[in-house]
Amino acid sequence: MRHIISILIENESGALSRVAGLFSARGYNIESLTVAPTEDPSLSRMTILTSGSDDVLEQITKQLNKLVDVVKVVDLSEAAHVERELMLIKVRATGKDREEMKRMADIFRGRIIDVTESTYVIELTGASSKLDSFIAALDAGLILETVRTGVCGIGRGDRILKV
Amino acid sequence: MISGAEIVIRCLQEEKVDCVFGYPGGSVLHIYDALFKQDQVKHILVRHEQAAVHAADAYSRSSQRVGVALVTSGPGVTNTVTGIATAYMDSIPMVVLTGQVPTQYIGQDAFQECDTVGITRPCVKHNFLVKDVKDLALTIKKAFHIAATGRPGPVVVDIPKDITAQMCEFDYPKSIQMRSYNPVVKGHLGQIKKAVQILQEAKRPIIYAGGGVILSDAAEKLTELARKLNFPVTNTLMGLGGYPATDAQSVGMLGMHGTFEANNAMHYADVILAVGARFDDRVIGNPEHFSSEKRRVIHIDIDPSSISKRVKVDVPIVGNVLDVIDEMLKLLDGGFTTDPEVADWWKQIDEWRGRKSLAYRQSDHIMPQFVVEKLYEVTGGDAFITSDVGQHQMFAAQYYKFDKPRRWINSGGLGTMGVGLPYGMGVLMANPGAQVACVTGEGSIQMCIQEMSTCKQYGLPIKIINLNNGMLGMVRQWQEMFYSKRYSQSYVTSLPDFVKLAEAYGHVGMRIEKPEDVEPALRKAFTEHKDDLVFMDFIIDPGANVFPMVAAGKGLTEMILAEEL
Ligand SMILES: Cc1ncc(C[n+]2csc(CCOP(=O)(O)OP(=O)(O)O)c2C)c(N)n1
Ligand SMILES: [Mg+2]
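Going down the list, the sequences are from chains D and G. Residue numbering for the first sequence follows our numbering, beginning at 158 and increasing consecutively. Residue numbering for the second sequence follows our numbering, beginning at 5 and increasing consecutively.
For reference, chain D alone in the conformation it holds in the complex (with noise of 0.2 Å):
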C-alpha cells in the first residue's frame, strides 16, 4: 500500500541522513522525498512516499518516532488529504511539435516557463498520476529531460501537524 509520511524534524544538520539512514538500514521503501524548512526555521517538514503492508507501516512510523530529532509524525494517507507533486520537463518543440507541445501543455495545465527555438521547460503540478498521464501522453522521442520534485501533502481541514 501507498503511504504519505509527514515528518516535523529538527533543522539540524545530518537530520535528513538520520532519517535516509533508517530506511536504508531497515530495508524500508523510498519512493520520494522532500524536506525543506516551515515557518519555523528551526523545523523542517520532510515528505515521504513509502510503500509497505501495514505491520511494516507500523514499524516505520515507531522507528521514525524514535529519532531524537523527530518532533512529530503522521501518516496522512490514514485520512483526508491533499497531495502535489511538481515537475519540470523539457521537451523538443519544433515544427508542427512545437504546437502540440502547447497544446498539451494547456490541457494539462502546464506552463511553459521556458522557450528556445527548438525546446519548451513545462512546468506542471498536480497529484503524481496526473505527471504520469502527462508523460505518457506525451512522444517519449520528444521528453528531452525530466525532474519531479516528489510527493508532498497535507492533511485537509482541521487536521495539522504543528508543534
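There may be inaccurate statements among the hints.
Stated by the list, open to error - Some chain D residues well away from chain G (every beta-carbon gap over 10 Å; in silico): (1) Q216; (2) Q220; (3) A236; (4) M261; (5) I311; (6) D315.
Stated by the list, open to error - Once the Cα atoms are required to be at most 30 Å apart in a straight line, the calculated DSSO-like pairs of lysine-lysine come out as: (7) G:K41 <-> D:K229; (8) D:K229 <-> G:K135; (9) G:K135 <-> G:K46; (10) G:K558 <-> G:K360; (11) D:K219 <-> G:K298; (12) G:K534 <-> G:K558; (13) G:K138 <-> D:K229; (14) G:K316 <-> D:K219.
Unchecked claim - Computed spacing ranges between beta-carbons, pair by pair: (15) G:T561 <-> D:D289: 37 to 45 Å; (16) G:D221 <-> D:L318: 30 to 38 Å; (17) G:D139 <-> D:A294: 47 to 55 Å; (18) G:A566 <-> D:A182: 35 to 43 Å; (19) G:G557 <-> D:L173: 37 to 45 Å; (20) G:D113 <-> D:N222: 30 to 38 Å; (21) D:G312 <-> G:R183: 14 to 22 Å; (22) D:A294 <-> G:K558: 54 to 62 Å; (23) D:L318 <-> G:D139: 26 to 34 Å.
Worth flagging that the hints you see were computed from the coordinates, not collected in a lab. Virtual Cβ for every residue (Gly too), placed ideally from N, Cα, C.
With the hints as your guide, set chain G with the ligands onto chain D.
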C-alpha cells in the same frame, strides 16, 4: 571563562562521573590536559579504544550509572565502533566523547579526520557534532539525558579540537527539555487493567523476562509480581538475574540454548507476559512455528517499536517496566485468584523439568559445564560473571545460577567476541573489591588480550576462566551438526602459552588439565590470589557441545537434546 576542554571535565564532574575509560591523541590533547589538572574524574588508560568502550559499557551494565569513554579522532573513533554497536544492541546507556579535527579542517581529509557522526549514526541512540563552544555544556547534558532515559543507549559527542581551546562561560543546566524527545514512563492504566484481567484468566501462563527488567532495575518488583501470581518465569540471555535462577518458579533461560522446560512452557503457554524483552530470533526460533500456537500476549516495553515487531501482541503496554509492574502490583492488591488449572500447568512443567536437559556427558577430560558449576560454588553464586561469545558463553549462562541482576555481563545482541576482559575492567571500576570472573574461550580472549596490561596498571584482579578447547567451539559445533563435520577454519592453532603470557604481563597463570584439579585451582585463585589477576587456562574436552539447541529455522520446541546425538 574556562576553556572548552575544562568545560568537558566540569560536565563530567557535574554528572558525578568518577571514572572514564580512554586513550589520548592529537585532537583530545586539550581535554587530557584539563583531566590532568584535577583528580575528581579518574582516567583508565586502556590499550585499545575498543576496550575503552566495552569497559564503559560494563561499568553501566554492572551499576546504574552511565559509563563514559574518551577517544581521539580518526582511528581512535573507528576503533570504538564495535564497542558502540555492542552497547547499542543491548540498550546500554553510555556517553562516548570523541575528538575531532578543528572545525575549519572538517571535510578536507585532514590528518586523523573521519566522519564520526556519519560512521556511528546507525549504531547510536543519538550523536552530536559540537559546532560552537557555547553549545558544549548543553550538548553533553543532552547526551547524558538521552543515554539514560527511555530505552537507553550509547550517545556520541564529537568535539572539534578548536572548540576545546575556546573560552566560554560555564553553566551546566540542572534539567533539560527537548521538544523532540519525551520518552514515555508510565504505562496506560486501562491497558494494565486489561492485562491483569487476562493474567487472572490464564491457565498456562508464563512470564518471559528480558534485559529491560535489569535496565529498569525492576528485578525485585518482578520477583514480587511472579510470587503473587505463582507463574513460572523464564529469562532471556540478557535477562539473567532479573529473576532468581535458584527460585522454584524459575524455569531457566529460554531460546536457542534454553532449557527444555523453558522452551516448552513458552511455546505452549496460553498467556505470555513479556516484560522488557523483544521476541528476537534467538529467543523464539522459527516465527511461523512459534505463531502456530494460539495464545494471548501482554507486552510491557519502554520502546513502542519493540512491540508487535516480530510477534503480534494483544495487550501492548508502553512504559518503564518498573512503573508498569508497580501499577500491576497495586491492582493485584485488590485481590487476585490464580486459575485453578495453573496447578496442572505446574505439573506439566515439572514433567518437562524431569527431562533434565542440562545434564551433560561425563568425560576423562575437564567438561566446561563442570568448570562453571565449580566456579558457581567457589564464588558462592555471588560473583560478577563477564563473558565473551561462543560455547563458553552459553555454558556460563546455563550453569551459573544468577540470583541477582547486573551480575551477568555479556554481549547478547551483537555477540561480540572480545568483550569479556574489558567488561571485567568496567565491572571492577564500578564495583571495587567485587569478585569478577571472565568466562571466555581461547578464541575470544585473544581479541582484547592486550588489556591484561591495563589490568596490571590499575590492579584489576579479574579471574580469567579460559575454557580452552583449541577451537572456535561454537563455529565447530555448527559445522559438526550442519556441515557434515567440515571444520573450515574453526581450529585455533599456534595458541600462545597462556600461563607464560599472563606472567609476561605480570599476572598469575595456571594451566588446569584434570577434572580433579578444577576446584582446588579455583579456590586458590579466589583466596590466595584474591588480589591478583589470574589467567586460568582450563584445557577442556574439545568435543563438548551446547545443548539443548534449537537449530536455525527450527521451532522452539524442536530442540536437539544432549542424548539424541
Ligand atoms: C568479533 C566476532 N567475530 C566472529 C564471531 C563469530 N563467532 C561466534 S562464536 C565464535 C567462536 C568463539 O571461539 P572461542 O572464543 O574459543 O569460544 P568457544 O566457542 O570455543 O567456547 C565465533 C568465531 C563473533 N561472535 N564475534
Ligand atoms: Mg574455543
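Verification of the hints:
no. : hint                          : in the structure
1   : Q216                          : 6 Å, violated
2   : Q220                          : 5 Å, violated
3   : A236                          : 21 Å, holds
4   : M261                          : 45 Å, holds
5   : I311                          : 21 Å, holds
6   : D315                          : 22 Å, holds
7   : G:K41 <-> D:K229              : 44 Å, violated
8   : D:K229 <-> G:K135             : 25 Å, holds
9   : G:K135 <-> G:K46              : 27 Å, holds
10  : G:K558 <-> G:K360             : 21 Å, holds
11  : D:K219 <-> G:K298             : 26 Å, holds
12  : G:K534 <-> G:K558             : 45 Å, violated
13  : G:K138 <-> D:K229             : 28 Å, holds
14  : G:K316 <-> D:K219             : 15 Å, holds
15  : G:T561 <-> D:D289: 37 to 45 Å : 51 Å, violated
16  : G:D221 <-> D:L318: 30 to 38 Å : 37 Å, holds
17  : G:D139 <-> D:A294: 47 to 55 Å : 53 Å, holds
18  : G:A566 <-> D:A182: 35 to 43 Å : 39 Å, holds
19  : G:G557 <-> D:L173: 37 to 45 Å : 38 Å, holds
20  : G:D113 <-> D:N222: 30 to 38 Å : 36 Å, holds
21  : D:G312 <-> G:R183: 14 to 22 Å : 20 Å, holds
22  : D:A294 <-> G:K558: 54 to 62 Å : 55 Å, holds
23  : D:L318 <-> G:D139: 26 to 34 Å : 28 Å, holds
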